[in-house]
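**Q** So the sequences go chain by chain: A and B. Straight run, no breaks: the first sequence in the working numbering ends on number 1554. Straight run, no breaks: the second sequence in the working numbering ends on number 1554.
Keep in mind the hints are simulated off the structure, nothing from the lab. One or more hints might be untrue.
Since copy identity is lost for identical chains, a pair holds within one copy or between any two.
[Said to hold, decoys possible] In silico PhoX-like cross-links for lysine-lysine, where the CA-CA straight-line distance does not exceed 25 Å:
{"#": "1", "residue 1": "K1268", "residue 2": "K1432"}
{"#": "2", "residue 1": "K1546", "residue 2": "K1243"}
{"#": "3", "residue 1": "K1370", "residue 2": "K1268"}
{"#": "4", "residue 1": "K1512", "residue 2": "K1372"}
{"#": "5", "residue 1": "K1483", "residue 2": "K1470"}
So the chains spell out like this:
Number of protein chains: 2
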Amino acid sequence: MKEDEILKNIFKFYKPNPRIVLGPGDDCAIVSEMVNKNLLITTDAFVENIHFKYDLLSFYEIGYKSAVAVLSDICAMGGSPIAILVSLNINQKSINKIDEIYKGISDVCDKFCISIVGGNIEKYDRLELHLTAIGEVKKEKALLRSNSRVGDLIAITGDLGRSRGYFIAYERNLISGVKWWINEMREKFTRPIVRFEEMNKILSNININACIDISDGLGIDGYRMAQLSEVQIVIYANKLPIKDSVKFLSKKLEIKDWFIAVESGEEYELLLSIPREEEEKINKLNLPITIIGEVIEDKPGIYIIDGDLKIDISKRGYDAFAI
Amino acid sequence: MKEDEILKNIFKFYKPNPRIVLGPGDDCAIVSEMVNKNLLITTDAFVENIHFKYDLLSFYEIGYKSAVAVLSDICAMGGSPIAILVSLNINQKSINKIDEIYKGISDVCDKFCISIVGGNIEKYDRLELHLTAIGEVKKEKALLRSNSRVGDLIAITGDLGRSRGYFIAYERNLISGVKWWINEMREKFTRPIVRFEEMNKILSNININACIDISDGLGIDGYRMAQLSEVQIVIYANKLPIKDSVKFLSKKLEIKDWFIAVESGEEYELLLSIPREEEEKINKLNLPITIIGEVIEDKPGIYIIDGDLKIDISKRGYDAFAI
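The task is simple: from the sequences and hints, build the whole structure.
**A** Put into structure tokens, the structure is as follows:
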């Protein structure tokens, strides 16, 4: 097998798109001009035994989740996606699974009518996906992490905790057999959603001050927003949108459900900082958005209020370099 | 050490640039609108023990070469670079060398007044750099690999063979001590040049039909151009620009110098397919460009003429998946 043959085989996943002047196969891909818009660009890595395990995800799902992860960053900026590039390290175990991995990536791309426009492939003993996404955003309309304002409401799309919950269940040998609560958690763990649809509706109806997507956990990601904005974010434990499956698991483990919710990464929900005067409009949007907290003037950080307790959650979540 | 602290430290290598609306630190970087230009995007991997060895390159040089590699793809399309993103896997050996690696990347970026606008960092037992570059090119002016035409002249910038020559010398334990020929080869091996300056001059003076940069070797890369253009490329061995150091080494090893030249990857020279009527203009450009062959109507492929021999060189070079 030759590198060019492998790449040629991958090219079948490229689908023409009016935005793409030239797809994969040359030195670069060419994307058409962006008029009155700025370019968004981001890169993300998805690595064996760090971000995924073979006994938890199929090769298709590994591709699927990695595409979700990188596109979610475009979404969190208030942008529209254009294309993806894939730099793949494959190992012996995955060399015959390239098609499945690409099918997963490709299915996510199809949802949003975008193309895989390029990539690269290397051999190694570990499967790794390094994905780059480009997108576009109207000038001066990008949603930054650093623009959260004192007095804002804090809202989240969808629900939190299922992704971490599924992993905890796996660690405790609970995932075998057919169980409604395991299935509910697995759904989010294997097929998270990029919230482009919700973001589009939000952007055309309400003002947003700041946004970040939850990839490492509400604690760590919320702290990033708080720190960059120099504000304090306060979350109310009883307002967190937590599905029954996570509640069920937390009861079983005799821990509070919000413990799981705030440290759950790979959720790809949007954490939004919204001017308070937009509150009524949010409720009218008929979208899966929940107001979970507010922004106050205090030492930068993120805290959760649980009854009388106010607890620092800035370190709750996934940190690849934590010691 | 926390991921955010490591990233913050890396951000010091970000330099503001009028083209960059928002640098690293948010979900995405933001690049200003491209008026009347298309976007170029490419990604490349630079991996321990595949693309580099610690006893051959310093950490600075590892960063330097990887930046050259990815920017060279922008150059080969006739484009101008805008920014780089770096997805880094670091291991124990390199965790304290992040600054040196970034300094290498940054020094290349500085040459072309572009910025490192984002990235990602993971831990593993192998150092890997996955770089993405973006650039821009005038509409309909991109130089494709697929546009070489029968009758064209084939030209190359700079010289070929020093990169491979240095590696061969290393494998044969010849690189220790001060030797003029080792130094001459090491210069290219450690600090290859991205030919933006030459490309700019070429583009404003002569018509080019097709271009590819030599990253895997004249054989493999030339074959890519020939195959995509459905032409045959013929190279004349006696016309190849080969420095004295490579000639010296090949004499020592009793092999023909062009053996080394055609299989030498990581040269980042530009292989150009130029309409024959431009010949006089090429010579007047006063640039390091040599006409080394021509394009004929025959079975797609790349051959070298050495005296009476015509030899297929389509597989000569570096193929990560060759078996």
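**Q** If you test the structure against every hint from before, which numbers come out violated?
**A** none
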